[in-house]
Amino acid sequence: MRSRNTLRLGALVFAGSLVLSGCLGAEEGGDGGENQSVTIFGGITGTEEVKLVKEAVAEMSEATGVDVKYEPSRDFTTLIRSKVRGGDAPDIALYPQPGLLLDMSSDITPLDDVDAGLDAASETLIPGFLDSASKDGKVYGAPIDQAPKSLVWYPKQAFQQAGYEEPTTHQELLDLTDQIKQDGEAPWCIGLESGPDTGWPATDWLEDYVLRTAGPDAYDQWVDGELAFSSPEVKEAAEAMGDVMLAEGNVQGGGQAIVNAPFGESSERMFEDPPGCFLHRQASFITSFFPEKVQENLDEEAGVFVLPPVEDGFDGTPILGSGNFAALLNSENENAVKVMEYLISDKFGTPRYEAGGILSPHTTFDTSKYPDEVTKQIAEQVNEADVFRFDGSDLMPAEVGTGSFWTGMVDWIGGRKDLDTVLTEIDESWPSS
Amino acid sequence: MLKAINALLAVLAGVGGGFALYLILNWLVERLPGRWEDRIKPYIFIGPAIVFVTIFLVYPALRTAYLSFFDDGGEEFVGMANYVDLLGESSFLNALFNNVLWLIVVPAGVVIAGLIVAVLADQLSTRGENAVKSFIFLPMAISFVGASTIWRFVYAFEPEGRAQIGLLNAVWTFFGGDPVAWVQNDAFRLNSFLLMVIMIWLQTGFAMVLLSAAIKNVPTETVEAARIDGASEVQIFFQVVVPQIWSTVITVFVTVLILTLKIFDIIYVMTGGRFNTDVIGNRFITELIKFGRDGRASAIVVMLLIAVIPVMIYQVRQFRQMEATR
Numbered sequence: 001m002r003s004r005n006t007l008r009l010g011a012l013v014f015a016g017s018l019v020l021s022g023c024l025g026a027e028e029g030g031d032g033g034e035n036q037s038v039t040i041f042g043g044i045t046g047t048e049e050v051k052l053v054k055e056a057v058a059e060m061s062e063a064t065g066v067d068v069k070y071e072p073s074r075d076f077t078t079l080i081r082s083k084v085r086g087g088d089a090p091d092i093a094l095y096p097q098p099g100l101l102l103d104m105s106s107d108i109t110p111l112d113d114v115d116a117g118l119d120a121a122s123e124t125l126i127p128g129f130l131d132s133a134s135k136d137g138k139v140y141g142a143p144i145d146q147a148p149k150s151l152v153w154y155p156k157q158a159f160q161q162a163g164y165e166e167p168t169t170h171q172e173l174l175d176l177t178d179q180i181k182q183d184g185e186a187p188w189c190i191g192l193e194s195g196p197d198t199g200w201p202a203t204d205w206l207e208d209y210v211l212r213t214a215g216p217d218a219y220d221q222w223v224d225g226e227l228a229f230s231s232p233e234v235k236e237a238a239e240a241m242g243d244v245m246l247a248e249g250n251v252q253g254g255g256q257a258i259v260n261a262p263f264g265e266s267s268e269r270m271f272e273d274p275p276g277c278f279l280h281r282q283a284s285f286i287t288s289f290f291p292e293k294v295q296e297n298l299d300e301e302a303g304v305f306v307l308p309p310v311e312d313g314f315d316g317t318p319i320l321g322s323g324n325f326a327a328l329l330n331s332e333n334e335n336a337v338k339v340m341e342y343l344i345s346d347k348f349g350t351p352r353y354e355a356g357g358i359l360s361p362h363t364t365f366d367t368s369k370y371p372d373e374v375t376k377q378i379a380e381q382v383n384e385a386d387v388f389r390f391d392g393s394d395l396m397p398a399e400v401g402t403g404s405f406w407t408g409m410v411d412w413i414g415g416r417k418d419l420d421t422v423l424t425e426i427d428e429s430w431p432s433s
Numbered sequence: 001m002l003k004a005i006n007a008l009l010a011v012l013a014g015v016g017g018g019f020a021l022y023l024i025l026n027w028l029v030e031r032l033p034g035r036w037e038d039r040i041k042p043y044i045f046i047g048p049a050i051v052f053v054t055i056f057l058v059y060p061a062l063r064t065a066y067l068s069f070f071d072d073g074g075e076e077f078v079g080m081a082n083y084v085d086l087l088g089e090s091s092f093l094n095a096l097f098n099n100v101l102w103l104i105v106v107p108a109g110v111v112i113a114g115l116i117v118a119v120l121a122d123q124l125s126t127r128g129e130n131a132v133k134s135f136i137f138l139p140m141a142i143s144f145v146g147a148s149t150i151w152r153f154v155y156a157f158e159p160e161g162r163a164q165i166g167l168l169n170a171v172w173t174f175f176g177g178d179p180v181a182w183v184q185n186d187a188f189r190l191n192s193f194l195l196m197v198i199m200i201w202l203q204t205g206f207a208m209v210l211l212s213a214a215i216k217n218v219p220t221e222t223v224e225a226a227r228i229d230g231a232s233e234v235q236i237f238f239q240v241v242v243p244q245i246w247s248t249v250i251t252v253f254v255t256v257l258i259l260t261l262k263i264f265d266i267i268y269v270m271t272g273g274r275f276n277t278d279v280i281g282n283r284f285i286t287e288l289i290k291f292g293r294d295g296r297a298s299a300i301v302v303m304l305l306i307a308v309i310p311v312m313i314y315q316v317r318q319f320r321q322m323e324a325t326r
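Residue numbers (this note's numbering), protein chains in the order written: chain A, 1 to 433; chain B, 1 to 326.
Bear in mind the hints are in silico, worked out from the structure with no lab data behind them. Don't take every hint at face value.
What the hints assert, rightly or not - Result set (EDC-like, lysine to aspartate or glutamate): computed pairs, CA atoms no more than 20 Å apart in a straight line: (1) A/Lys-54 with A/Glu-341; (2) A/Lys-54 with A/Asp-346; (3) A/Lys-83 with B/Asp-85; (4) B/Lys-290 with A/Asp-107; (5) A/Lys-51 with A/Glu-71; (6) A/Lys-83 with B/Asp-294; (7) B/Lys-290 with A/Asp-75; (8) B/Lys-290 with A/Glu-425; (9) A/Lys-156 with A/Glu-166; (10) A/Lys-51 with A/Glu-354; (11) A/Lys-69 with A/Glu-48; (12) A/Lys-338 with A/Asp-107; (13) B/Lys-290 with A/Glu-193; (14) B/Lys-290 with A/Asp-427; (15) B/Lys-290 with A/Asp-197; (16) A/Lys-156 with A/Asp-299; (17) B/Lys-290 with A/Asp-103; (18) A/Lys-417 with B/Asp-186; (19) A/Lys-83 with A/Asp-112; (20) A/Lys-417 with B/Glu-89; (21) B/Lys-290 with B/Asp-85; (22) B/Lys-290 with A/Glu-399; (23) A/Lys-181 with B/Glu-160; (24) A/Lys-181 with A/Asp-273; (25) B/Lys-3 with A/Asp-224; (26) A/Lys-347 with A/Glu-332; (27) A/Lys-347 with A/Asp-119; (28) B/Lys-3 with A/Asp-88; (29) A/Lys-235 with A/Asp-224; (30) B/Lys-290 with A/Glu-428; (31) A/Lys-369 with A/Glu-380; (32) A/Lys-417 with A/Asp-243.
Next up, chain B with everything else stripped away, as it sits in the complex (with noise of 0.2 Å):
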């Protein structure tokens, strides 16, 4: 009870606080001669902001950079040992192959699955078109972890004998087949790929709404002055009604892009990293609760910063473009 007050008071106190200091900063700042008031003014209203990024992000973003030249105490300076050993590990440099693979496919994967939805529901009644929409778009809801449990009973194994209670396994059975231990099978990165299905099934949904929309806006003249002119309708889809929707194709692929950069809970709840499946998130979390090697840890994560860093350049100058052309 003491505590929950106490918490109350905290909040009361934290958001009063803000409130009170943009108050008190604003009125001093109004205090000024004109022309100075103009000057200062915007940075007292994004200073605070500042400050809190430098405090919580980039302070922090630094202290780990430091950290990954120093052994796992962060007492001794080891220079770049903790890279030097880490990629010459061949499990460290195996996650980073999934890692690839998990950037290529699961995006593009997302994209085309939501083009396809978006494109095909776009045929149907306004009231078919909503349901289709609203079940592609529910498993958006569902955190990672809990639709990698529900995934766990679809690829589930049992020996062959018993009742196969997957999903997969009992169709496969079903038609013929031997039980398969799907998330054990590496072959051709199977695992991994049964793995990135979860992502592209959690994601489609959010594709489907921004290229839909997208396809929506594309001008009916073009699409028709394209069939006057004798096109085909796959030959308008890809050559009118895409290229007209291309920026929002890149936004989503980008998104996306960046939320598979950091991917660990799908592979924490269905294999841990083991079967050839792991990625780095997985690899850092591994590193620093399990074996407390902070530096190694340390290490891995600048290596994913410096990975995200060409993806953000590229987005923002993306955006950039946007803005102007608006």
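Pulled out of the complex, with its shape left as it was, chain A reads as follows (with noise of 0.2 Å):
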């Protein structure tokens, strides 16, 4: 008889929470129509990165009167493969990187084919920012922040008391350095560790190089493939940019230490006493990895100068810029074809330009928003600078922007390889097809 009850009870818990699982599942997913809720999903992480995301976030909804959730995750490059193979795709996701939303055209709604405000976005759009998110003519994503990648930074007093001056050439910026030498000083601070992804800094530092020695039009070929890394062009910028990192005593420690040492903290010694360093070329975004004090004092502690042109080469300022991109999973949601209006209009994203670090891809911002000088200066200089170009990595296929870039950057820098052997092995391991 025991045998029978136990047959019994079990039957009716499996019977019973079957039935129940199955309400409650019903339950969560149906709700449809026109209160329908939109879920944004993204790479953008950090506390307190997330925190000014979500206030945006929640201006926007109260704006446009959806629903809108912004989902973060550190892993979002795999994460967002897998959901949307997966079925389970948010109805916008912002990519870091353009090369991998346009690798997933095919599952994202192109802004021609909707009627969220692509022609009104693109005229307030810094130019050329779009054309990093087109292909075939479509454009598949816009820019919702940037961050400058071609500045300088400096610690303020101590450059100041030493007399140096901004430099307005890229052979200025070597005399300014062999100054800096000659004071028995360290001049540059340069980390390229970075976790999985090391060697990325390094990468923006040749772009900008490119940039700067062959030009826009050479840098585009350059990201399509269609110039080679070992061309003279390449060769001739990474040259240029080895006179700055790798000469004798410019960075303390020399490659081994750059390759060693983690991007953010490197930074951090400029502001150590006596300097660490005098200078370090990173993104707008570094200044969230000063230390507390100057990051309170900014304008008075941190100075910024755009990367100088190279004599004999382009002639103007470029400026090499990243951002995250928003794109269209789910265009069969109105609300969400309404929320990405708004996401990709000047009108999105106050709370975290008045926080400073990022700015808005739009010329239209009004920049006496931004919360203190350094930031209003950055946002000048882009806006007057001639040319804008997004992160080459970025645009490459995985395999080189994720992989072999980095890498061979690492071993050049490391001195384990040389120039022409890590060049070479780029080029060889770009895709076929």
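Dock chain to chain to rebuild the complex, using the hints, since each chain is given by itself in its own frame.
Structure representation (structure tokens):
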């Protein structure tokens, strides 16, 4: 008898929970129609950053009357693929790399095909920005923020006390470097370590120098794979970059130390007493890695100038930048289209820009809303720049842009391989199809 | 909250369902005439397990092998191209070579270190032995990622003129050396060997426990007989004790070998495969997740699978022999 009772109990529990979970499951998903909420999935992480994005999203919810949720993930690049493949795609995704976005274009609704205010946005956006997320004449994504990368930071107090001046040409930059060396100090702080992404800061350096020595047209060909890494143009740029990075005494500990230093920490050394170095080339977001007392008083503690142009190179000042691109994955959700329109307009994101570090991708944004003079100055320089180009490694195929380009730079700068070998190896890793 | 309740119900339904399934099937079989009941019953109980192994292990393995002959999207048949490409790349061959090094050095290192600790601890008082063994066993409780993070501090490097926060460099510079970027230094694969030390450190405790038990099981008569015959302690150890614990040594060696075949975490955390330290486990993750190249990633796993098969066969045989002698 005992086994019979157990059997009955088992069956009862089984059937009961089956029915119940069915009911609850239906309740969760069955919210259709006009009040459909919108989920945004993105790679903007970090407690402070997420808080600001959520504030901006709340502002957007209020303006559009749509319930919007932001879900951040550190593993965005991996998860977005598996989410879309697994039928669990978010309504909107924020791609940090337009290369990945275009790679997944078959899952994305082009902005030309929906009523999401593309024309209005393209008028206010920094010219050239949308090109990074366009393919075959269609626009698949639009930027929601930007972080200019061609910036050189310096510790303002110590820099001025030593009587140094901001250079305006590459030669002046090299002269300044030598002058600092003669004064017995280390001129540059450079760090490439970034966990599994180690090497990316060096790819930014090289991109900046390709823009400056070979110019934007060559840059575009290079990014598209038409101009080889081993071409004289790219090699010349790498050599110009090597003059700054690898000359004896330019960085404390040389190439091995550069490869070893975490990119964020390396910037802090500028503000040691006495300064560990006087120059640091990094994107606008690096301010969030500065020591707290510097961040509180950014305008007085930190100075910044645009990496100067190279003589005999491209005639003008190019700016290299990056940003997050919004893409529409579920156009059947009408509210998602509505949210998209707001997201890519110059209205979105004010709480983020007021906190500093990142900038609006729209030229129409009111610069007086930026929190400090440093950010305002950067915004002006970007708006005045002759050429804007998106971070090339984010546009190249992943095997190169997040693979051989990173490791190649690490091998070269760490002194394990010479420049020619590295450039040829990167060329060989470029996927054939 | 709703999700939590749903999860709980799912667990209940799953466990209850499994339970009910066995009960129902058992009840059905009991209705059969006696002879048939005995014939079918074993299959009723082993059947579900086989079904699950087939669905979750055999099928994915076959599917992976199938995909390894296709392109990155899994759409176009490319024959052996993935294998040919991979085996023609110096970086992949390099990873293979590193794997072979790992497979030789780590299991051997673990067995030797475990044996030394087990033998030496055996000479201590019971209390001392327990204390020492507990200490050596402690790292077993740490995950590979956790251990790697700890060892990052051991191998940390700062340029000359800055304070050395890394243990190894602190000692090194104390004795007058210049700071060395340990994990970047691949002369004679030094950095790979330094990473292997982490795994040996982690697994020594496991080897020690098994080997120590085996040593204690060696009959004292055999040792005493050898002593009376005038054998030295070293001779006794190698010619009397070791042959008697050999099967345990093999078990430990093979277990660590299989663990080493799958090595990935330590490389990923410490170097990400840079500086000539890559292994196939890490290469697989890179191809699949970073580059989205399913075909190549599948080909890598298939090669790994083929490499494991001989080890598995050997272990199963060894296990059967042990069962037979018991």
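Evaluated hints:
no., hint, verdict
1, A/Lys-54 with A/Glu-341, "holds (18 Å)"
2, A/Lys-54 with A/Asp-346, "holds (17 Å)"
3, A/Lys-83 with B/Asp-85, "violated (29 Å)"
4, B/Lys-290 with A/Asp-107, "holds (19 Å)"
5, A/Lys-51 with A/Glu-71, "holds (11 Å)"
6, A/Lys-83 with B/Asp-294, "holds (16 Å)"
7, B/Lys-290 with A/Asp-75, "holds (10 Å)"
8, B/Lys-290 with A/Glu-425, "holds (18 Å)"
9, A/Lys-156 with A/Glu-166, "holds (11 Å)"
10, A/Lys-51 with A/Glu-354, "holds (13 Å)"
11, A/Lys-69 with A/Glu-48, "holds (17 Å)"
12, A/Lys-338 with A/Asp-107, "holds (19 Å)"
13, B/Lys-290 with A/Glu-193, "holds (18 Å)"
14, B/Lys-290 with A/Asp-427, "holds (18 Å)"
15, B/Lys-290 with A/Asp-197, "holds (10 Å)"
16, A/Lys-156 with A/Asp-299, "holds (9 Å)"
17, B/Lys-290 with A/Asp-103, "holds (13 Å)"
18, A/Lys-417 with B/Asp-186, "holds (12 Å)"
19, A/Lys-83 with A/Asp-112, "violated (24 Å)"
20, A/Lys-417 with B/Glu-89, "holds (17 Å)"
21, B/Lys-290 with B/Asp-85, "holds (18 Å)"
22, B/Lys-290 with A/Glu-399, "holds (8 Å)"
23, A/Lys-181 with B/Glu-160, "holds (16 Å)"
24, A/Lys-181 with A/Asp-273, "holds (17 Å)"
25, B/Lys-3 with A/Asp-224, "violated (46 Å)"
26, A/Lys-347 with A/Glu-332, "violated (24 Å)"
27, A/Lys-347 with A/Asp-119, "holds (15 Å)"
28, B/Lys-3 with A/Asp-88, "holds (16 Å)"
29, A/Lys-235 with A/Asp-224, "holds (17 Å)"
30, B/Lys-290 with A/Glu-428, "holds (18 Å)"
31, A/Lys-369 with A/Glu-380, "holds (13 Å)"
32, A/Lys-417 with A/Asp-243, "holds (17 Å)"
When the structure is compared with the earlier hints, violations turn up for hints 3, 19, 25, 26 and for no others.
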